[in-house]
Amino acid sequence: MEAFWIILVGSLIAVSCALLGSYLILRKMAMVGDAISHAVLPGIVIAYLLSGSRETLPMLVGAAALGVLTTVLIELFHKKSNLQMDASIGITFTWLFAIGIILISLFAGQVDLDQDCVLYGEIAYVPLDLWITESGYNMGPRTVWIASGLLLLLLLFIWRGYKGLFITTFNEEFAKALGIGVAFWHYALMGAVSLTTVISFESVGAILVVALLIVPPATAYLITTDLKKMLLLSSIFGILSAIGGYYLASLINGSIAGAIASVAGFLFLCVWVLELLRKKRVISI
Amino acid sequence: MISIETHNLTVSYNRRPVLWNIDFELPTGKIIGIIGPNGSGKTTLLKAIMGLVPTSSGYVKIFNQDLEDVRSRVSYVPQRESVDWDFPASVMDIVLMGRYKKNNLFKRITKADRDIAAEALEKVNMLEFSNRQISQLSGGQQQRVFIARSLAQGADLYIMDEPFVGVDAATEEAILNLLHDMKNQGKTVVVVHHDLQTAKDFFDWIVLLNTRMVAAGPKEEIFNKKLLQEAYGGKLNVLSQVGDLMKEKAFNVREK
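Sequence order for the protein chains is H and F.
Just add 373 to wherever you are in the first sequence, counting from 1, and you've got the numbering used here.
Just add 162 to wherever you are in the second sequence, counting from 1, and you've got the numbering used here.
In short, the hints are calculated from the structure, not lab data.
These numbers were taken from a predicted model, which means no experiment stands behind them.
Check before you lean on any hint, since a few could be wrong.
To be verified - In the DMTMM-like style, the derived pairs of lysine to aspartate or glutamate whose C-alpha atoms are separated by at most 25 angstroms in a straight line are:
1. 223/F x 334/F
2. 263/F x 546/H
3. 652/H x 382/F
What the hints assert, rightly or not - Cβ-Cβ distance ranges computed for the label pairs, FRET-style:
4. 187/F x 655/H: 25 to 35 angstroms
5. 602/H x 191/F: 41 to 51 angstroms
6. 507/H x 293/F: 37 to 47 angstroms
7. 627/H x 200/F: 55 to 65 angstroms
8. 460/H x 301/F: 47 to 57 angstroms
9. 219/F x 515/H: 50 to 60 angstroms
10. 464/H x 176/F: 46 to 56 angstroms
11. 176/F x 515/H: 50 to 60 angstroms
12. 471/H x 284/F: 57 to 67 angstroms
13. 221/F x 460/H: 47 to 57 angstroms
14. 556/H x 167/F: 26 to 36 angstroms
Built from N, CA and C at the ideal position, the CB exists for glycine as well.
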């Protein structure tokens, strides 16, 4: 049963990340995802200090606020002072992440947040944190419910907003000329990335969530030329990474999050080599 | 009837003006070329008309109204190079974007939208490519897809940024025929174009631009040495001298 819960949570989060990551890489914003995943840390700590609990809602609000602030800062440095995009990303997220680290170490006594846990996640603890109703009924691990809720929300967002996301991702200028609110879609997507990151924090950690955001969509991008198929395939690669990662970790008795990211990378490598061979064959024919 | 009117339009980047005091009134039902040397602000002018860049002063009226009130009657074709053609989408997906509107963005694509998109593809002779991935298109085909997307909007005014750059002869011909069809239906087409040689054949009306407006009017009035020299300055001089030299040489060869 423990294995089931861990793999389920891993898969739910992997699919959420894969869906959003597909849009991030098509918008050439993969590293913005990286930045957000790190920069939400101070938001979480501040929310924790203010609310005094590890309730999900304040943390989500704190993380979302910092996530949006990150994208605003990146754009600001980039546009107002002509700083290169990558430099502006590098400054913004390291600075915010550092503030988060300082806050954690300063309030270590009061904060039930562990630096290791924040950085590397601890998906193995998922089955321990159960949601038990007031009548004493065991609803299963809490994270499962939170991660399912997140995925449902994202599916709704992508289903209803498919056209908006599609046109602003492919050709922002044309969308603007049609009178479509380009900024709305940008910040909606960034807000979604922030939410996903903070929920993924507990399970895979701040560093490895980037792997789930970027690697499965990049793998899917190699083999498809249809956005809908890309979303589907990257979700499948995400799930495969979660399953493979769990068993790899129990085989070598290592970190589950690390194993999930490694499997994702391995899958990418396999697909990349296969594609290379296939193209070679097509040319030689 | 006036299609586009600009008044004292000025646009600057980093406080340097790229467009200075542009004042013109364009007619309807004509094919209008905006020409000028590189860096003369042609693309910026289109973007300013479409509200895509902030203006420092002046205003733009389209059909005597603000852009916001006539958006559905205006269609914009950006430069082909402005998007990533490796994007995972089919030709049909792109042309259907022409049917997207502010108020139907959350609604599904209808059968009517698909029919209109197919009709637009037919007009640019690309219907058989509708399921083709856009990464497999040639430059000319990409341009036709962009024009089909614009046609699918069913607008009255079309604003195109360099549609003739990097396209094959067949596409050039197809686009020209299309422009004439549109004109015959009473539509107005405004085209940014950089090639002086072909401009005279392509357009009825010309706006000569070089940061400020040099002249605007029917092409017969615009194509005189004085105005062209004013727009192109020294560059035109060199060009015409080269042309004269070539002629002389050709003549000499024949003489032998």
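Query raised in the report: Holds or violated: are the alpha carbons of residue 223/F and residue 334/F at most 25 angstroms from each other?
Result: violated, 30 angstroms
Query raised in the report: Keeping to a limit of 25 angstroms between CA atoms, is the pair of residue 263/F and residue 546/H held or broken?
Result: holds, 14 angstroms
Requested in this report: Determine whether the Cβ-Cβ distance between residue 507/H and residue 293/F falls within the hinted range of 37 to 47 angstroms.
Outcome: Check failed, 56 angstroms falls outside 37 to 47 angstroms.
Query raised in the report: Are residue 219/F and residue 515/H spaced within 50 to 60 angstroms by their CB atoms?
Result: Holds - the Cβ-Cβ distance for residue 219/F and residue 515/H, about 58 angstroms, lies within 50 to 60 angstroms.
Query raised in the report: Okay, residue 471/H versus residue 284/F on CB: inside 57 to 67 angstroms?
Result: holds, 59 angstroms
Query raised in the report: If you draw a straight line from the CA of residue 652/H to the CA of residue 382/F, is it 25 angstroms or shorter?
Result: violated, 54 angstroms
Query raised in the report: In this structure, is the beta-carbon distance linking residue 627/H and residue 200/F contained in 55 to 65 angstroms?
Result: holds, 59 angstroms
Query raised in the report: How does the Cβ-Cβ distance of residue 602/H and residue 191/F compare with 41 to 51 angstroms: does it lie in that range?
Result: Hint holds: Cβ distance 44 angstroms, inside 41 to 51 angstroms.
**Report entry** Satisfaction of the hinted span 26 to 36 angstroms by the C-beta atoms belonging to residue 556/H and residue 167/F
**Finding:** With a Cβ separation near 28 angstroms, residue 556/H and residue 167/F satisfy 26 to 36 angstroms, so the hint holds.
Requested in this report: Check the following: the C-beta atoms of residue 176/F and residue 515/H are separated by a distance inside 50 to 60 angstroms.
Outcome: The hinted range 50 to 60 angstroms holds for residue 176/F and residue 515/H, with Cβ atoms some 52 angstroms apart.
Query raised in the report: Can the suggested window of 46 to 56 angstroms be confirmed for the beta-carbon pair residue 464/H and residue 176/F?
Result: violated, 22 angstroms
Query raised in the report: Do residue 221/F and residue 460/H keep their Cβ atoms within the hinted range of 47 to 57 angstroms?
Result: Violated - the Cβ-Cβ distance for residue 221/F and residue 460/H, about 37 angstroms, lies outside 47 to 57 angstroms.
Checked against the numbered hints listed earlier, the structure breaks hints 1, 3, 4, 6, 8, 10 and 13; every other hint is satisfied.
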